[in-house]
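Each chain, written out:
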Amino acid sequence: MEPLSWTGAWGVWLNPLLGLAVAGLVAASLLSVALSLLSAPVRRQSLPDGTLAARDGLHGMADMAGRAFLWLTALVLALYLLLPFALPYGALGIVGELSRRLLPVWIALGATFGLSIVFKRRLGLYGKLFDSTIGMAGFALVVFWVFTAIFAGLFDMIATHDPLTALSGMKNKVPGTPLAMGDDGVYPHYLLGGDNLARDVFSRMVHGSWIVVQIAPLATIFAFLVGITLGLPAGFYAGRLDTVLSFLANLILAFPVILLFYLLVTPEMVQTGVPAYMAMVLFLFPIAFFAVLLNARLSPRPVLRLVVLAALFILGGWLYLSMVSQDGTPVDFWPDALDLFDVPGGILVVFVSVVFVNAPTVFRIVRGLTMDIKTRDYVAAAQTRGESPWYIMLWEILPNARGPLIVDFCLRIGYTTILLGTLGFFGLGLPPDSPDWGSTINLGRRLLSIYPHAAMVPALALLSLVLGLNLLADGLREESLKD
Amino acid sequence: MIRFLLSRFVTMLATALALTFVVFFLTNLAPSLEKVAKSEIGARVSDAEVESWLNRNGYGEPMLVRYGEWLGVVPGWTHSVDGEVVAGRCAGADGGVDAGARCGILQGDWGYSTVFRRDVIEIVGRSLALTGKLMFWVMMVMVPGALILGVLAGMREGSKLDRSLSTVSILTTATPEYVSGVVFIAVFASTAVGLKWFNGSATSAMENATIENFTLPVLTIALYGMGYIARMTRASMTEVMTAQYIRTARLKGVSFPKIVLRHALRNALIAPFTVIMLQFPWLLNGVVIVETLFNYKGFGWTLVQAAGNNDIELLLGVSVVSVVVVLLTQLISDIGYVYLNPRIRVS
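Line by line, the protein sequences give chains U and V. Residue numbers for the first sequence follow my numbering, so the first one is 16 and each next one is one higher. Residue numbers for the second sequence follow my numbering, so the first one is 7 and each next one is one higher.
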């Protein structure tokens with residue numbers, strides 16, 4: 016097999032086209048930015064006689080040129096992604112083959128966007144996201160990684176090789192290198208090169224996304240449940256409860272995060288069981304949250320409440336005990352026969368420390384929002400109706416605080432992804448051969464100045480996911496401010 | 007004001023005590039101590055030998071007492087054989103032990119690093135000086151950069167300039183140090199790309215910082231914090247620009263640049279001040295990552311070495327310093343906020 020170049024034979028005429036489009040886009044954007052620095056744009060004005068006066072002038076022309084070049088760029092990029100399906104293997108180089116591997120993601124992404132845009136008026140805040148370019152771009156990046164993770168992690172589709180197997184002769188090979196010993200039925204190239212243990216960088220990156228997409232949102236949800244369960248009463252009752260909880264939250268926040276990780280995620284610490292005990296406490300909060308939530312709602316219907324709460328405690332308790340009790344840690348009391356799952360080595364510790372670091376910030380946000388909202392009239396009305404305090408907190412205040420919380424949730428998933436990467440970067444928690452992005456960056460950085468690809472690929476992957484989440488949060492904030 | 011300061015100070019002291027106790031507790035748990043003992047007397051020893059070594063070296067006492075000793079409020083431990091004191095916490099240079107003496111961090115006795123074989127206070131002092139140099143340049147790049155970005159974006163809300171600068175600041179906040187550092191090294195310092203403008207290592211910058219060896223670490227830390235401060239500045243600037251007195255100035259016919267520079271800027275910079283001060287704990291994160299990545303042997307590098315090698319006393323010293331730095335910046339930001347903003351009255 017021949018080595019693949021980045022864009023193959025067809026790149027010879029696609030690359031200049033892309034260069035032209037991007038150069039035009041950059042020039043037009045710079046022009047309109049410079050214009051808006053010098054003077055405020057004059058928008059179209061409606062005149063008293065009912066006609067419109069288009070006085071866009073230079074501003075409008077720069078904008079129009081920018082939009083035209085943006086479309087051209089998008090068109091050329093679409094060609095890069097779609098042409099490979101009509102061409103033989105390798106005709107569009109590495110880019111083309113990557114696009115071919117990602118076919119399931121493209122289909123799923125297209126379906127999601129098509130359906131969402133068609134029905135966007137019926138989808139509430141989610142639908143409004145498709146009115147903002149920034150929000151759509153962010154959503155596209157996030158959903159791209161989610162689909163990649165799902166197809167790679169659950170269906171084993173996208174990756175070309177096994178992320179943990181080294182193939183001989185592929186150590187530190189540059190992107191597009193053919194396998195040294197080509198067998199039939201094995202993918203013939205390392206698309207994004209090999210790392211210093213001769214494993215496929217592309218497959219590791221793709222499988223790494225599954226780890227991130229599993230842990231980051233879940234850890235963020237847990238941090239939110241802890242933060243909400245404590246923040247609501249702290250803001251609502253204020254007083255001594257608030258003083259104590261705020262002091263504890265500030266205590267954790269004043270701790271340098273990396274020091275905390277180093278203290279919590281070392282093997283000696285795992286041996287003493289401190290993270291396991293912390294897990295016992297932290298995982299109680301989701302059960303407590305849902306119990307209080309349903310209890311407050313169903314208190315007028317005692318029988319239903321009994322059934323629902325019993326079901327919650329049995330199911331939640333079972334999950335809780337399976338989650339908390341781990342073989343090989345000091346907290347191992349639950350019989351194996353009833354243990355639904357064992358979280359693989361290190362992940363529970365990583366999970367707990369990430370939740371622990373995030374929860375105080377969420378607590379502070381929820382507390383602040385609660386203090387603000389509890390002075391509203393509808394809260395007073397509910398109090399006059401004789402609703403219980405928890406009902407007011409969970410069914411009156413919390414739904415009205417959802418806007419800022421949703422935005423913060425998106426941002427916080429990004430932050431959690433960064434934290435997971437930090438843990439991997441310092442080689443903490445996850446096993447050293449784990450394909451998650453932080454560990455891969457850590458492994459690749461040793462030869463960074465000679466073979467940058469092994470660290471660059473996961474670094475850019477992480478950057479694009481976090482950027483997507485940030486853009487998504489920005490779009491959501493913008494759209495939610497509009498009503 | 008005095009009462010406010012006093013209450014803040016008391017809270018700060020309580021926080022510092024609680025945090026140092028947590029660190030003390032976590033670093034002095036049984037497995038870590040066992041590791042220390044084994045590294046001192048050899049890995050193949052029985053549990054009883056480990057136990058007796060720990061007792062002989064003052065690790066046998068209750069946690070709280072040892073914390074007090076470490077702080078310097080409880081007299082240091084002594085170990086006596088046949089009624090004669092042979093070892094103790096406060097052993098002098100000549101080997102003599104002063105039985106009733108206190109020697110903890112309050113007395114300036116920070117202990118001895120087992121990794122570097124030097125006094126902790128010496129290591130911490132030297133690494134702090136190095137990190138101080140790094141932080142100075144980070145601040146010199148980050149603060150003006152962020153303020154300019156934020157003010158430019160916020161002066162005309164919703165314009166092209168605003169939108170593009172806001173996207174830039176989102177991009178920088180989405181790039182953690184270990185990503186931007188890796189990208190910078192790969193682009194500007196690797197043989198693969200071939201630019202080789204800067205050095206991929208900052209080890210030589212410890213003695214002699216030049217543009218070549220210091221640009222990349224400084225830029226890496228500055229970029230991550232810059233976006234956040236710029237966004238805060240933008241928010242505060244847009245708020246000021248919609249204020250009544252700005253409209254009055256415009257109606258009076260004051261030119262736009264003059265409005266921005268004379269009327270809006272000063273009020274718009276109050277909020278970013280607190281944000282900049284509160285960035286310190288985050289910057290500490292960045293420092294640890296960047297110093298590890300660029301092999302710059304400052305405070306963050308020392309933290310990683312201490313934590314990775316189970317060097318208990320050094321780790322405690324490093325934590326004390328970082329906790330104090332974080333708390334002090336919080337205090338300064340509170341005071342500064344009150345001082346800068348006359349509308350706030352502290353009750």
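Please keep in mind that the hints were generated in silico from the structure rather than gathered at the bench. None of these values were measured; they are calculated from a predicted model. Any given hint might turn out to be false.
To be verified - A few chain V residues that face chain U, going by a derived Cβ cut-off under 10 Å, partial list only:
(1) L35
(2) A107
(3) R162
(4) T173
(5) P182
Claimed, not checked - SDA-like mimics (lysine to any residue), calculated; alpha carbons at most 20 Å apart, straight line:
(6) K139(V) / Y118(V)
(7) K186(U) / S196(V)
(8) K202(V) / S464(U)
(9) K202(V) / R400(U)
(10) K264(V) / L52(U)
(11) K497(U) / R169(V)
(12) K186(U) / D171(U)
(13) K497(U) / T248(V)
(14) K143(U) / W288(V)
(15) K41(V) / L96(U)
(16) K143(U) / K202(V)
(17) K44(V) / M284(U)
(18) K303(V) / T248(V)
(19) K202(V) / P282(U)
(20) K41(V) / F251(U)
(21) K264(V) / A249(V)
(22) K41(V) / Q286(U)
(23) K497(U) / D168(V)
(24) K44(V) / N63(V)
(25) K139(V) / W288(V)
(26) K143(U) / V422(U)
(27) K303(V) / Y118(V)
(28) K186(U) / L462(U)
(29) K202(V) / L45(U)
(30) K41(V) / M284(U)
(31) K303(V) / T197(V)
(32) K41(V) / V51(V)
(33) K497(U) / G164(V)
(34) K497(U) / E163(V)
(35) K41(V) / G288(U)
(36) K303(V) / E163(V)
(37) K139(V) / I217(V)
(38) K303(V) / K497(U)
(39) K44(V) / E163(V)
(40) K44(V) / Q286(U)
Where is the CB? At the ideal position from N, CA and C, for every residue including glycine.
Hint by hint, here is what the structure shows:
{"no.": "1", "hint": "L35", "in the structure": "holds (5 Å)"}
{"no.": "2", "hint": "A107", "in the structure": "violated (30 Å)"}
{"no.": "3", "hint": "R162", "in the structure": "holds (6 Å)"}
{"no.": "4", "hint": "T173", "in the structure": "holds (7 Å)"}
{"no.": "5", "hint": "P182", "in the structure": "holds (4 Å)"}
{"no.": "6", "hint": "K139(V) / Y118(V)", "in the structure": "violated (25 Å)"}
{"no.": "7", "hint": "K186(U) / S196(V)", "in the structure": "holds (18 Å)"}
{"no.": "8", "hint": "K202(V) / S464(U)", "in the structure": "holds (9 Å)"}
{"no.": "9", "hint": "K202(V) / R400(U)", "in the structure": "violated (72 Å)"}
{"no.": "10", "hint": "K264(V) / L52(U)", "in the structure": "holds (14 Å)"}
{"no.": "11", "hint": "K497(U) / R169(V)", "in the structure": "holds (17 Å)"}
{"no.": "12", "hint": "K186(U) / D171(U)", "in the structure": "violated (24 Å)"}
{"no.": "13", "hint": "K497(U) / T248(V)", "in the structure": "holds (17 Å)"}
{"no.": "14", "hint": "K143(U) / W288(V)", "in the structure": "violated (34 Å)"}
{"no.": "15", "hint": "K41(V) / L96(U)", "in the structure": "violated (55 Å)"}
{"no.": "16", "hint": "K143(U) / K202(V)", "in the structure": "violated (46 Å)"}
{"no.": "17", "hint": "K44(V) / M284(U)", "in the structure": "holds (17 Å)"}
{"no.": "18", "hint": "K303(V) / T248(V)", "in the structure": "violated (48 Å)"}
{"no.": "19", "hint": "K202(V) / P282(U)", "in the structure": "violated (39 Å)"}
{"no.": "20", "hint": "K41(V) / F251(U)", "in the structure": "violated (47 Å)"}
{"no.": "21", "hint": "K264(V) / A249(V)", "in the structure": "holds (16 Å)"}
{"no.": "22", "hint": "K41(V) / Q286(U)", "in the structure": "holds (12 Å)"}
{"no.": "23", "hint": "K497(U) / D168(V)", "in the structure": "holds (18 Å)"}
{"no.": "24", "hint": "K44(V) / N63(V)", "in the structure": "holds (13 Å)"}
{"no.": "25", "hint": "K139(V) / W288(V)", "in the structure": "holds (17 Å)"}
{"no.": "26", "hint": "K143(U) / V422(U)", "in the structure": "holds (14 Å)"}
{"no.": "27", "hint": "K303(V) / Y118(V)", "in the structure": "holds (18 Å)"}
{"no.": "28", "hint": "K186(U) / L462(U)", "in the structure": "holds (12 Å)"}
{"no.": "29", "hint": "K202(V) / L45(U)", "in the structure": "violated (28 Å)"}
{"no.": "30", "hint": "K41(V) / M284(U)", "in the structure": "holds (12 Å)"}
{"no.": "31", "hint": "K303(V) / T197(V)", "in the structure": "violated (24 Å)"}
{"no.": "32", "hint": "K41(V) / V51(V)", "in the structure": "holds (11 Å)"}
{"no.": "33", "hint": "K497(U) / G164(V)", "in the structure": "holds (13 Å)"}
{"no.": "34", "hint": "K497(U) / E163(V)", "in the structure": "holds (15 Å)"}
{"no.": "35", "hint": "K41(V) / G288(U)", "in the structure": "holds (16 Å)"}
{"no.": "36", "hint": "K303(V) / E163(V)", "in the structure": "violated (43 Å)"}
{"no.": "37", "hint": "K139(V) / I217(V)", "in the structure": "holds (14 Å)"}
{"no.": "38", "hint": "K303(V) / K497(U)", "in the structure": "violated (50 Å)"}
{"no.": "39", "hint": "K44(V) / E163(V)", "in the structure": "violated (63 Å)"}
{"no.": "40", "hint": "K44(V) / Q286(U)", "in the structure": "holds (16 Å)"}
Checked against the numbered hints given earlier, this structure breaks hints 2, 6, 9, 12, 14, 15, 16, 18, 19, 20, 29, 31, 36, 38, 39; the rest are met.
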